[in-house]
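Trainee: Letter by letter, the chains look like this.
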Amino acid sequence: MEVPFHLPAGSTSLRRVHNKATMSSGATGAVQPADEPPTEARPTVITAENLTKTYGDVAAVDGISFSVPAGESFGLLGPNGAGKSTTMKMIGGVTRRTSGALHIMGLDPDSHGPEVRAHLGVVPQQDNLDEELRVRDNLLVYGRYFGLPMSYLKPKADELLEFAQLTDKAKSKVDALSGGMKRRLTIARSLINEPRILLLDEPTTGLDPQARHILWDRLFRLKEQGVTLILTTHYMDEAEQLCDRLIVVDKGRIMAEGSPAQLIREHSTREVVELRFGSERNTTIASELQGIGERLEVLPDRVLIYAHDGESALEQVASRGLRPLTSLVRRSSLEDVFLRLTGRSLVD
Amino acid sequence: MSAGLPVKSAPDQARSRTFGPLYSRNARAVISRGLLATRSTNWLVMLSGFFEPVLFLISMGVGLGAIVGSVQGPGGGEISYAAYIAPALLAVSAMNGAVYDSTWNVFFKMNFAKLYQGMLYTSLGPLDVALGEIFLALLRGLLYAMGFTAVMGVMGLITTPWALLMVPASVLIAFGFASIGMGITSFLKTFQQMDWVNFVMLPMFLFSATFYPLSVYPQPIQWLIQAMPLWHGVELLRQISVGAFTAATPVHIGHYLVMTAAGMLLTTLRLRQLFLK
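Quick note, the sequences are listed as chains V and H, same order. In terms of our numbering, the first sequence opens at residue 1 and continues consecutively. In terms of our numbering, the second sequence opens at residue 349 and continues consecutively.
Source of the hints: derived by calculation from the structure; they are not laboratory data. Nothing here was measured: the structure is a model prediction, and the numbers come from that model. Hints are not guaranteed to be accurate.
Stated by the list, open to error - Taking lysine-lysine and the DSS-like style, the derived pairs with C-alpha atoms no more than 30 Å apart in a straight line are: (1) Lys171(V) / Lys154(V); (2) Lys537(H) / Lys169(V); (3) Lys462(H) / Lys251(V); (4) Lys154(V) / Lys462(H); (5) Lys154(V) / Lys173(V); (6) Lys462(H) / Lys173(V); (7) Lys537(H) / Lys462(H); (8) Lys223(V) / Lys537(H); (9) Lys154(V) / Lys223(V).
Please take these sequences and the hints and turn them into a complete structure.
Mentor: Here is the structure:
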């Protein structure tokens with residue numbers, strides 16, 4: 001399945017040939033980025049050591065450590081409430097950590113908040129565009145918040161509108177934009193200060209598939225330009241598409257770390273058979289499936305058989321006289337990794 | 349991606365300008381945002397704030413004034429009832445404009461438009477936001493005060509050049525109310541709580557010696573009224589309107605200076621607490 005891309009190229013300075021987007025394939029999650037992203041001699045832009053944030057007795061982030069080299073696309077994958085957004089806020093210096101060490105471009109965001117934020121572009125989970133201003137003014141005014149001069153901001157705003165494919169909406173009101181356009185404008189706005197690091201909190205949540213693909217394409221381009229991307233998501237396909245490396249987070253802790261392909265290889269089988277017997281029978285039928293494949297996972301709506309060869313596992317099911325309502329053989333995805341690590345699905 | 353690097357990059361700006369994490373000396377970015385946003389403002393709402401005290405002045409001053417006749421002014425001289433209540437109404441108008449801007453507008457921007465969250469994700473600090481927003485409230489207060497003073501002039505209620513000082517004095521009154529108002533708003537979370545603001549404002553408007561002298565009250569009530577911030581504004585503007593100053597004048601001014609400083613401190617700390625936790 002090839003993703004339909006018919007996108008006009010960005011402004012001249014942004015125009016680059018790239019093939020990654022068209023290489024991507026959809027639900028099978030067969031994107032195979034380089035297993036070991038080249039890390040030679042790239043400076044580290046973010047280091048977190050034992051980062052912790054507690055609210056009362058509850059640890060939202062419970063001692064996580066990671067480091068991100070410049071230019072990497074780094075993901076935090078986890079369900080809602082895993083501590084992803086809290087981690088992002090601590091990186092942005094808008095939430096103070098309870099303990100641990102954190103450095104962004106060598107600076108501690110708790111003591112150098114404005115300086116750290118000047119290096120960052122932030123795309124929050126909920127769009128917080130200025131609805132009282134028009135589209136282009138949103139970019140200009142936001143740039144003023146960084147103290148940047150108009151002589152720089154005016155051409156920059158036009159360039160970013162072009163990049164976000166919003167040039168013809170420059171004078172529109174913000175509330176006249178679609179959800180996807182608002183997201184793109186939020187991303188354009190976050191780039192006004194030419195940040196070295198872009199923080200994206202659930203960048204495509206709530207967008208339709210086409211809007212998501214457009215957005216992913218824009219993010220690919222930024223990555224090609226060397227912008228470090230830090231993104232949280234609970235969509236495995238998004239993580240597989242965008243992340244060089246990711247950490248799987250649950251209940252404030254890191255469950256696993258690696259490239260998407262590495263994680264799948266380490267924590268899951270090559271293929272998965274999904275069987276649906278109807279919600280009544282899924283649980284009872286599990287015992288009859290024992291011994292097929294490497295591992296069995298029973299979910300409320302389906303049964304998953306993890307096997308290196310899905311087709312032959314499916315044949316074994318049929319040979320035992322079991323007739324599922326539907327069956328599907330697919331490649332393993334990060335969803336399976338997450339299920340294996342936590343015993344729960346990503347999207348509740 | 350470059351349209352030519354900025355003369356000074358954003359990190360350089362942050363380094364050279366930052367004055368602790370609270371303030372980046374860039375409140376004017378917040379102000380210019382506010383001015384740009386007024387393009388989409390409903391001008392009728394703006395105008396209603398100006399007309400409200402004018403309507404009171406006409407109905408009470410001219411209408412009721414026909415029965416009341418002349419009263420004793422601050423300097424001891426006889427003045428018309430309209431001239432007596434006009435400065436008080438100006439103080440009320442300064443208070444209303446400032447409180448409206450710093451409570452309802454701020455409440456909306458804080459809780460619904462998420463405007464301040466966006467601002468504080470940039471190099472701006474909470475003090476930039478507080479100063480910028482309060483400046484805008486004052487600008488509006490200044491426009492109202494100039495308009496109302498002009499109306500007083502047209503109605504023949506201005507008899508001394510001192511009266512022109514009512515305009516800066518109203519801005520001072522507005523400054524006090526706006527900075528306290530924004531700080532208090534940061535504690536309020538629901539519309540029901542916002543109604544309490546009106547519940548406090550209305551009696552303050554009616555009873556702060558606005559329409560009659562303080563001396564009509566028994567002594568304990570007088571003390572209560574004197575503890576209310578509006579009374580100081582009413583007295584201050586009334587004294588200025590006739591150019592009759594007493595030892596109490598600097599006390600009234602000082603009251604607003606303290607109120608402003610306390611309000612700014614409260615607002616800045618609250619914004620930091622709310623958005624930079």
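Trainee: Does each hint fit the structure? Answer for all of them.
Mentor: Against the structure, the hints come out as follows:
no., hint, in the structure
1, Lys171(V) / Lys154(V), "holds, 14 Å"
2, Lys537(H) / Lys169(V), "violated, 35 Å"
3, Lys462(H) / Lys251(V), "holds, 27 Å"
4, Lys154(V) / Lys462(H), "holds, 25 Å"
5, Lys154(V) / Lys173(V), "holds, 18 Å"
6, Lys462(H) / Lys173(V), "holds, 17 Å"
7, Lys537(H) / Lys462(H), "holds, 13 Å"
8, Lys223(V) / Lys537(H), "violated, 40 Å"
9, Lys154(V) / Lys223(V), "holds, 24 Å"
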